[in-house]
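Student: Line by line, the protein sequences are chains F, W and S. No gaps in the numbering here: position 299 of the first sequence is 300 in the numbering used here, and each next residue is one more. No gaps in the numbering here: position 11 of the second sequence is 34 in the numbering used here, and each next residue is one more. No gaps in the numbering here: position 521 of the third sequence is 1856 in the numbering used here, and each next residue is one more.
A couple of the hints might just be wrong.
Beta-carbon label-pair distances, calculated as ranges [to be verified]:
{"#": "1", "chain 1": "S", "residue 1": "T1374", "chain 2": "F", "residue 2": "A12", "range": "39 to 47 Å"}
{"#": "2", "chain 1": "W", "residue 1": "W260", "chain 2": "F", "residue 2": "W112", "range": "52 to 60 Å"}
{"#": "3", "chain 1": "S", "residue 1": "L1735", "chain 2": "F", "residue 2": "G321", "range": "23 to 31 Å"}
{"#": "4", "chain 1": "S", "residue 1": "G1732", "chain 2": "F", "residue 2": "Y110", "range": "38 to 46 Å"}
{"#": "5", "chain 1": "W", "residue 1": "G80", "chain 2": "F", "residue 2": "V44", "range": "32 to 40 Å"}
{"#": "6", "chain 1": "W", "residue 1": "E28", "chain 2": "F", "residue 2": "R3", "range": "50 to 58 Å"}
{"#": "7", "chain 1": "F", "residue 1": "R350", "chain 2": "S", "residue 2": "A1728", "range": "40 to 48 Å"}
{"#": "8", "chain 1": "W", "residue 1": "V301", "chain 2": "F", "residue 2": "F109", "range": "32 to 40 Å"}
{"#": "9", "chain 1": "S", "residue 1": "L1692", "chain 2": "F", "residue 2": "L123", "range": "49 to 57 Å"}
Calculated directly from the structure, the hints in this document are not laboratory data. Beta carbons: idealized from backbone N, C-alpha and C, even for Gly.
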Amino acid sequence: MRIELEKRAKASALFSILSPFIALALTILFGGVMFALLGKNPVTALYSFFVEPLSEVWSLHELAIKAAPLILIGVGLSVCFRSNNWNIGAEGQFIMGAIAGSALPVLFYDWQSPLLLPLMMLLGMIGGALFAAIPAFLKAHMNTNEILTSLMLVYVAQLFLDWLVRGPWRNPQGMNFPETRTFGADAVLPEMLASGRMHWGFAFAIVAAVLVWFMMRYTLKGFEITVLGQSERAGRFAGFSSRKMIWFSMLFSGALAGLAGISEVSGAMQQLRPVISPGYGFTAIIVAFLGRLNPLGIAAAGLVLALTYLGGEAAQLSIGVSDKVTRVFQGLLLFFVLSCDALIHYRVRLVWDRFAAVKTEEAH
Amino acid sequence: MGIVEAILFSVITAATPLVLAALGELVAERSGVLNLGVEGMMIMGAVCAFAATQLIGSPYAGILAGIAAGAVFSLLFGFLTLTLVANQVATGLALTLLGLGVSGMLGESFLGMQGIKLQPIAIPLLSKIPVVGPLLFRQDAIFYASVAILVGVHLFLFKSRAGLKLRAVGDSHSSAHALGVNVIRTRYLAVLFGGACAGLAGAQLSLVYTPQWVENMSAGRGWIALALVVFASWRPWRVVAGGYLFGAVSISQLHAQAFGIGIPSQFLTALPYIATIVVLILISHNRRMTLINTPASLGKPFVPDR
Amino acid sequence: MVPVLHAAKAGEIEEGKEGSVPVKGQTASGPLLAVRQLTKLFGSFAACNAIDLQIEPGEIHALLGENGAGKSTLVKMLFGVLAPTSGEIRWRGRNVRITSPSDARCLGIGMVFQHFSLFEALTVAENIALSMNGSVSLARVAEEAARLSQIYGLPLDPKAHVADLSVGERQRIEIVRALLQNPQLIILDEPTSVLTPQEADRLFETLLKLRSEGRSVLYISHRLEEVQRICDRATVLRHGKVTGACDPRAETPASLARMMVGSDVTVVTPEGTSTRGDVQLEARHLSVAARTPFAVSLKDICLRVRAGEVLAIAGVAGNGQSELFDALSGEYPVADDDAVQIRQRPVGTRNINARRLMGAGFVPEERHGHAAISGLSLSDNLVLARSQSDRQAFLGGGALKIIRHGAVKAATRRISEAMDVRKSGDDPPAGSLSGGNLQKFIVGRELDRQPAVLVVNQPTWGVDAGAASRIRQALVDLAKAGSAVLVISQDLDEIFEVATEIAVINEGRLSDPYPARELSREKIGLLMGGMSGKTESAGAAHAH
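Here chain F stands alone, though its shape is the one from the complex:
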């Protein structure tokens, strides 16, 4: 038995919409099998993983808190991926944004001002963008593969943060714990609603998603991003510069990752610690693909992936499976998303006999 692909004349509009849902369904199905193999009742396990976290107001707030960085980073990455720039170091840019934005409340902890928070956000964006500028410069001017450089820099950022919170930025009154001072009241991103912890980071995420959607859908810049992603040569013919696009997309996504970083630290933690992200920068890659690189889709996908984080925690408590299950779910989901994308561009058929099949030509 073999699988054969037949190129569709046009991308299937139906499967463009359906494929993420098919992927989700397959992931849940596989998840059930996995729970069964672990000796758990798959129905109750899946229920506590995917449904319970949605049943209470406080956990919906937690969902938004976790979704905010995923959406912000994912939206930025969609611009990168659409323009064929593979920034996979968003985790590092997230950390550097958090560090840059935290510099004010950590170093000038006495300074309280309504200006403080906007300045922190701005510094966070600059920090993330500057860190993304390194792979951007190396790709645009030194012809160096951005995948490897941006990823290596994640380790560098993690180690740098580790050094800061154990060394120069450690809280002098903190009993030697590796963490900075707690931020002053003016340095804390406020809650959006009275009902819970959700902070304004979620609003940033939604605004970013809508703005980027508008840019991609209606403006020449969005067109430029699409064109350069499909063919550098055609982009050159249009007078677009792929080198400038490297800079634009990397700095843009770096800034959003940085904003996500400082929002998370300011809104949810109020201090720096050696580890400030459960892999948001990597999970956002999955978010971007599950959202089919469409900013509005990414907003929805961010909520789904945030749910896997909460579900992992909930399942650990209620049925006693490891929260490592979260990462497995996330990895499986990306796998199924990528597999199901084949349905958009190809008719997929199982072939039992080589000569019985109606065979088709790849249309270049």
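Once you have looked at the hints, place chains W and S on chain F.
Tutor: Frame of chain F, contents of chains W and S only:
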């Protein structure tokens, strides 16, 4: 063993997983497939090797389990990119994310356990040679395997007809298809070999380098191996040179930390990653060289006419 | 491995069997290859529809047809690259199923591909070895190849890397590779489309020698002249069906063309205005270093195109045509501002949009991924070329630069009507159009602006005859209306149809221009081979 020999020995031990994973990836890339999932296959190899060793009691069973784990994961990658024509970059990332997740879950019950170290095998006579003997001929089976794989890959690629076909597929898959070479099968086999090598490299980590299971213990080595392939401009012998260079960098930073030379340990730990970036810059800023050496169909999808 | 001839068994079968192509005046012997009712469906589209074809031993058989007529699909089935949907292939009277190229080679069928199936990174010997069975050592292969290339006058260096070889040399590798199999039938797919007339002559000698040894040749072409010159019989395809079988020498070019196209094709004649205007496009000592290892450097190129003129640049592929286009269009600006002038203003360092704003339009060679993006709609592909030159009409919203899709779609409709672009739906993706229709749109996209200067690279490459004649007529009309037109082409027929002046490019050097009426094909051929270009370039010219 004197101190110098001990250091050199540890350099070899640190370099072996890099060399193994890079050689495997080199073969895959020579066939035109860019598998960014080396890190994922490696960590799967590490956890499965450790688990099998614990359960069966023999590190050799561990080695086989590591190879099998890497190979199975690579087939997953092959199915997506070769059969379903998914984007190779994204699928490679998916493989890494999945590998880190699954290994974390599988390895949870083995955390903190005392490992069983793969014992060296002294080769009669040769191991008696001063300096060289203890370094090269009193090594473990995985080191010997890495040498055999190096020689084998070189002979295969440049002396055999099958290797010629593999290089042809990597150069132009449509021409190879027109000549009757089975492009997809060739690529599946190349990806499978890459996975097996990455799995073996992972086994080395949890059986030789640090005989225990630690989450994320591959620590970016899969990515460094990918960089090594570029650095080596897709030539096996240069992979070894690069691998040992990196082994030396990571060992020297460990020793520097041990001696406490006043530089924060985090900066020293970051050294191999920064070295990777520097090496990539040095090798790739010559655009002309890169263009000549890169397999022409690397990363490009292939759907045959039927 | 000496080629052994299978002597044709005389007097076995006199006539073609029922259902096959009637054979005129064929001497006694069974057909080498007989194809019956061979059909290939792609989805519901019949690329080949019940094809009948019969090839006798020791004949050169032409397979004639336009682009898209089904010639390549047919030979791919004969060579085992594609599987037929239905029908049968008989080899020496025996029904065979050819499932792979190695099956074909075992039977004795060799193939020389149109777009060469060579590997740039490998050596000549390695390339040849790839089509042989694995037991023969590389050294043996090289030896054999050297011997065969001697016999057939096809000089080759087995150790050379293909990337360093000219197109003509590459074709020799393909032929030697096919000959090493000792084939009884050699299929050549459009072999002369990449050769100079002189190189083509040499190829014909090789083919005649093969025929004299009793081998058969299936010669695929759309060039009537050469088919009449060397082919014994011809089968003509149109829209996947056989429309005629004949002795090409007994036909006229016009009657063959009718069989190919199905109707008379209007012949375009160049008629620039008698009064030439000012110089509108000029290159002054334009030199550009090769950008990549596989590119050609441009050496001291001088050219001028006046309003009302069509200057055609002839040359064999890979002699600097695309590099010249890149420099003239500004896709890759050059260091010297004066080296390129548009409407007598220096633009060498300016980018492509600056040049468009000065009244120039450009049509690159490659349709997919350069002139257009297959996955984007036609209207998006209109924005691709005209986002800056027509920003007043196409962009709104000030600094936001919002694309006015309404205005763009209206312009798309206008262009499609003007150029008779046949498409499914109002605004389909570019990739869903046929080559000819997409090319009409791409050319129309520029003509719609009435450019003062138009630079076109390979205006009708891979385009059907109807579209080609329409595009050529449009180029001639544009010049007549007072624009300066530069056409880069490898197709001599096209050049003679549109050009008022002709220059030839060879290894990055451009010959002096000649008035089109004063230049013969032979002279162009010599210039293409670098034989008598500018005198100072004689030493550097690469003699084949």
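Student: Let me make sure I understand: some of the numbered hints might not hold for this structure. Which ones are they, in numerical order?
Tutor: Failing hints, ascending: 1, 3 and 9.
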